[in-house]
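K.L.:
Same order as they appear, the protein sequences are chains A and B.
For the first sequence, counting from 1, position 48 maps to 47 in numbering that gives the first Met the number 0; every step adds exactly one.
For the second sequence, counting from 1, position 285 maps to 284 in numbering that gives the first Met the number 0; every step adds exactly one.
Calculated from the structure, these hints are not laboratory results.
All the given hints hold, so there is nothing to weed out.
Here chain B is said to cover these stretches of chain A; the calculated rule only asks that three of the stretch's residues, wherever they fall, bring their Cβ under 8 Å from a Cβ of chain B: (1) 174 to 188; (2) 214 to 224; (3) 346 to 353.
Just so we're clear, the structure is a prediction, and the values are computed from it rather than from any experiment.
Heads up, the beta-carbon is just placed ideally off N, CA and C, and yes, glycines get one too.
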Amino acid sequence: MRKLISAAALAAASLAIGGGAQAADKVKACWVYTGPVGDFGYSYQHDQGRLAAAKALGDKVDATTFLENVADSDSERAIEQLARTGCNIVFTTSFGFMDPTLKVAKKFPKVFFEHATGYKRAPNVSTYSAKFYEGRYVMGQIAGKMTKSNTIGYIVSFPIPEVISGINAFERGMQTTNPAAKIKIVWVNTWFDPGKEADAAKALLAQGADILTQHTDSAAPLQEAEKAGKFGFGQSSDMTKFAPKAQLTANTDSWGGYYTARIQAVIDGKWKSEDTWDGIGKGMVVLPPFANMPDDVKAMATKTTADIASGALHPFACPVLDQDGKDRCKPGAKTLEDGDILGMNWYVKGIDDKVPQ
Amino acid sequence: MNFDPQQIQDILVIVITAATPLLIAAIGEVVAERAGVLNLGLEGMMIVGAATGFAGAYLANSTLVGVLCGILAGCAMAAIFAFLTLGLATNQVAAGLAMTIFGRGVANLIGAGFVGLKRQAAPHLYIPGLSDLPLIGKLIFGQDYFVYFAVLLTAAASYWLTRTRSGLTLRAVGENHTSGHSLGVPVRAIRLMAVLFGGGCAGLAGSYLSLAYTPFWSPDMTAGRGWIALALVVFASWRPWRALGGALLFGGVAVLALAFQGLGVPIPAQLLNSLPYLTTIAVLVFLSVRDRRGAIAPASLGVAFIPDR
Numbered sequence: 000m001r002k003l004i005s006a007a008a009l010a011a012a013s014l015a016i017g018g019g020a021q022a023a024d025k026v027k028a029c030w031v032y033t034g035p036v037g038d039f040g041y042s043y044q045h046d047q048g049r050l051a052a053a054k055a056l057g058d059k060v061d062a063t064t065f066l067e068n069v070a071d072s073d074s075e076r077a078i079e080q081l082a083r084t085g086c087n088i089v090f091t092t093s094f095g096f097m098d099p100t101l102k103v104a105k106k107f108p109k110v111f112f113e114h115a116t117g118y119k120r121a122p123n124v125s126t127y128s129a130k131f132y133e134g135r136y137v138m139g140q141i142a143g144k145m146t147k148s149n150t151i152g153y154i155v156s157f158p159i160p161e162v163i164s165g166i167n168a169f170e171r172g173m174q175t176t177n178p179a180a181k182i183k184i185v186w187v188n189t190w191f192d193p194g195k196e197a198d199a200a201k202a203l204l205a206q207g208a209d210i211l212t213q214h215t216d217s218a219a220p221l222q223e224a225e226k227a228g229k230f231g232f233g234q235s236s237d238m239t240k241f242a243p244k245a246q247l248t249a250n251t252d253s254w255g256g257y258y259t260a261r262i263q264a265v266i267d268g269k270w271k272s273e274d275t276w277d278g279i280g281k282g283m284v285v286l287p288p289f290a291n292m293p294d295d296v297k298a299m300a301t302k303t304t305a306d307i308a309s310g311a312l313h314p315f316a317c318p319v320l321d322q323d324g325k326d327r328c329k330p331g332a333k334t335l336e337d338g339d340i341l342g343m344n345w346y347v348k349g350i351d352d353k354v355p356q
Numbered sequence: 000m001n002f003d004p005q006q007i008q009d010i011l012v013i014v015i016t017a018a019t020p021l022l023i024a025a026i027g028e029v030v031a032e033r034a035g036v037l038n039l040g041l042e043g044m045m046i047v048g049a050a051t052g053f054a055g056a057y058l059a060n061s062t063l064v065g066v067l068c069g070i071l072a073g074c075a076m077a078a079i080f081a082f083l084t085l086g087l088a089t090n091q092v093a094a095g096l097a098m099t100i101f102g103r104g105v106a107n108l109i110g111a112g113f114v115g116l117k118r119q120a121a122p123h124l125y126i127p128g129l130s131d132l133p134l135i136g137k138l139i140f141g142q143d144y145f146v147y148f149a150v151l152l153t154a155a156a157s158y159w160l161t162r163t164r165s166g167l168t169l170r171a172v173g174e175n176h177t178s179g180h181s182l183g184v185p186v187r188a189i190r191l192m193a194v195l196f197g198g199g200c201a202g203l204a205g206s207y208l209s210l211a212y213t214p215f216w217s218p219d220m221t222a223g224r225g226w227i228a229l230a231l232v233v234f235a236s237w238r239p240w241r242a243l244g245g246a247l248l249f250g251g252v253a254v255l256a257l258a259f260q261g262l263g264v265p266i267p268a269q270l271l272n273s274l275p276y277l278t279t280i281a282v283l284v285f286l287s288v289r290d291r292r293g294a295i296a297p298a299s300l301g302v303a304f305i306p307d308r
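Chain B extracted, bound-state conformation (with noise of 0.2 Å):
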């Protein structure tokens, strides 16, 4: 096994590519959860953003307009699941699991004539210089601008979640919706802010699938990733900044589980590709030993409010 620099950097910016829709979702859902709604319709979102996100861009040639159509059917999604749990307060549970299976029946008819159909992938940033540099050249000056925005959500959220009084209202909402409720405050208001933020972010990494990952329209083609992101939700403590560095973990292991076997490495092809779960377990086994209270969840997670009730 040769450790040729260049190999090394070009495996590094598929793991970068390969986290990048799996944080965009976990992001949103961060923000979901901490205001106490559990969406578990993230893969039907993801999939719908995806199929709208290629029919937009093929129909206007324009990636930027597949972006925005991914990010508004995501939220569109989100509007059905916020008034199904929000407005008649069904279970969020149900409700998560009814929006997966019909996302990916709205997915597969926006996208049946869209099949066999490719587009240019999205353009990727370029400064004269600095993406020529030799090892860290593309890995940090050289990804395509999702990455970039991924990055800057995970810092806003993070921020915003913290140091803000808005923020610190969303997730008092999310621990004691009761209090919050009897101080005054908008519950259910915030909470649907909440949730179309988690569909637009859901659209959004659906629409990086199809417009940059894999520039063509698949039915099915998120396989899973929204899953993937709901336990990076819980793996990263309900934190942005650990959303990031999970969705690197996950996203590195499956990388290299892939490299591993081109380079002969001389482990079962089957233990490679079950080590991105092997490895999510271990670390959460290890964080909540050392942690002893146990990952904590917004308190009011999955409640229905039902206001003077």
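Just chain A, same shape as in the assembly (with noise of 0.2 Å):
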């Protein structure tokens, strides 16, 4: 009996190497994503841009592997499994996944690392971001022009600069065209969950608040918001099939054309480490149309948005003052530096709120 199962084991494990050693023939491109495909935003956004990439390589590429559900304090097995198992580049999409892949780079020095939302590099890890706050900023003023009641309830996940650079942007933006409103910070600490974020949601508009918007990844704010006949923002996806009347744009990501770029490098021989950093201008973040607003606000918005996307406006252009009233702007810059905007962990002027330790 023993002897029958050893052989077993023998032999699924001699097909699963085979199996490995034929795919060296395709580039194969794995993903590790921390939430749920399923969850119509910042996962789904992603494995979007896999398939985008899927199509647009064809037969150079086997795009199929991916990992969802991935914890942070699972990921590094995860990680280390695609790598074991043939994958030529893996893309790693949450913040929480930065040491781990790192750790396992160390050790599969063949293998290309892509780390989204993160700042650790190494030879073999290269990182890469969406400018999300430049779509914050031009949400932040349709939110100023929209609200009745000067709240705007803000649900974010946890404090890491790229949701406190989300925040600040917002509020730039919410100041440029109603310098009288204030936004309602409610931190939830989770990416996902909608009965949750339904929670603070609800408290929010119990509290006066006629605007949502998120930093977490499920339709639910948006639908309460619907409910309630107030608006909101979506997160990572166009929610407008959960909330038709009440979604006014969103902040969608689309990393299809980067994914397609980075598997091309590889294909070619030429990938190098590095750091990208590309917003509305390069087609990274993308809003969809603007929808249940007067036509003066959606004129504002495009103009806004070409702005931002032309270079002409920049949601941290000198001066930026922290809510000390300290200059945060190095003297006779243009607009704050890339490295304060990547390590934000103070509030602008006009929040009243602290930044949670």
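From the two separate chains plus the hints, produce the assembled complex.
P.N.:
The structure is reproduced here in structure tokens:
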């Protein structure tokens, strides 16, 4: 009996290794997602990017492998599993995967790794992220115009720089169209929990918010806004289906172009470790059609988007005052430095809360 | 911080809806554990109920059909669990954990075709006149039907367990299945009924999430509520009415933590978010200090019953 089992195990293992060796002809690209592909938000958009790259590169790539719902604590195992089973390039799509990615990259120097929303690199580790804050600035402007109660509800996950720069950009956009409006920030300590996000949305609506925006991944807050006859912004993907009457626009990520380019670089043998940080201009951040708003607000939003894309407008153009009134720009600079935005852990003037430590 | 009465009512309404799925799942588990079966698969049964409930409601365009589908799905999962633990006398802890992992996968499979779809939320009670009363109207007369059912379920479970003969028999089986067996009580049949009831409640609680709470399906949307319900059972000392109190306490503190953030109360957000769990621990400690004997679990809880051995 024992012999039978070990023979079967050997056969299975050889099949697996054999399968892996065959795939070495095509470039094998693999992805690790933090949430479910079905979240219709952040992980969903990464998967759409994967599908776009697969379509664009056709036979040259095997882009069918991905792992979803990978917790930060489990990510090292997951990434190592992908590296070990023949992946040539691995995209790790969450901030929390940063150190695990570097650890695995050290063990597999021939495999390329791309870490999203992080800041640590290595010879075989690149980083990439989208300038989410550009979309937030436009959303802030729209919110300032659309709010009647001057209270905006902002549902957020964790106090990491990406989230805080989003809040700040939103506030700055809002201040240009409505200096009297205020945002109320609620931290739910999770990227994805529809029930909790709905509770936060209901609590904010009860406290007088008439526009909701979020940096969490489910459509629950938008649904609550629609139920209450108010408005909101989608996150990561176009959530019009969930709230046709409530969604003004959304901050969607579009990764397809980047993924295609990076896999092509592996195919051509030209892959280098680098840092990519693109926004509306390069098509990494896309705002779905503005809806449920009067034409003049639509026109203003369209113009702002075009200005940000062309570089004429920067959400963090100097001066950038923090809550103590100090200008965080370097003397003589036109905009806040990229490094300061990437490491942002302070609020701009106009926000009354304190950043959670 | 201003105390607008309308705001307070709105917050209380949210608290009750947050507590309902926890309560329903906990009541089912109370009955199962009183019969001596420890069902750790609650989370898996809840999420299967959520997926099946949404799928059924969407396909039949009826919330009621969805609810029935959710309950049946929970029962089906419970039947598998019962076969393992009662039929084959498998270790209940291991089988329960396996059901949780299995349930997650099955739910994702069932729900795969329904991602990105939404439905109208389940209907709420509306009594003209009563539901429009200023402070208490929506709170008492305007909830969705799941809430009223949850309260009825608690009352029925409490009455049945403590004041009926069959309830007494179930409790006896949970305390000492050997004695029950020697008296001719059908131990495994009773436990089977209890487990099926527990699974059905878990399925109902899950379908509440996907039909009334946030009317869409999303993978992992239960987000650990099954585990909280399990903790609530211990917290409630295996008594239904205490489970109601526990669910309200947990749901209440969780919602208050969110509301406080919105109001700008200067307590760190991380501390506020951990308050529900801290409060539960604090109350548990208080209860066990007051009642020196400690929470009395059913004596045969988790012990496999093998007749004539």
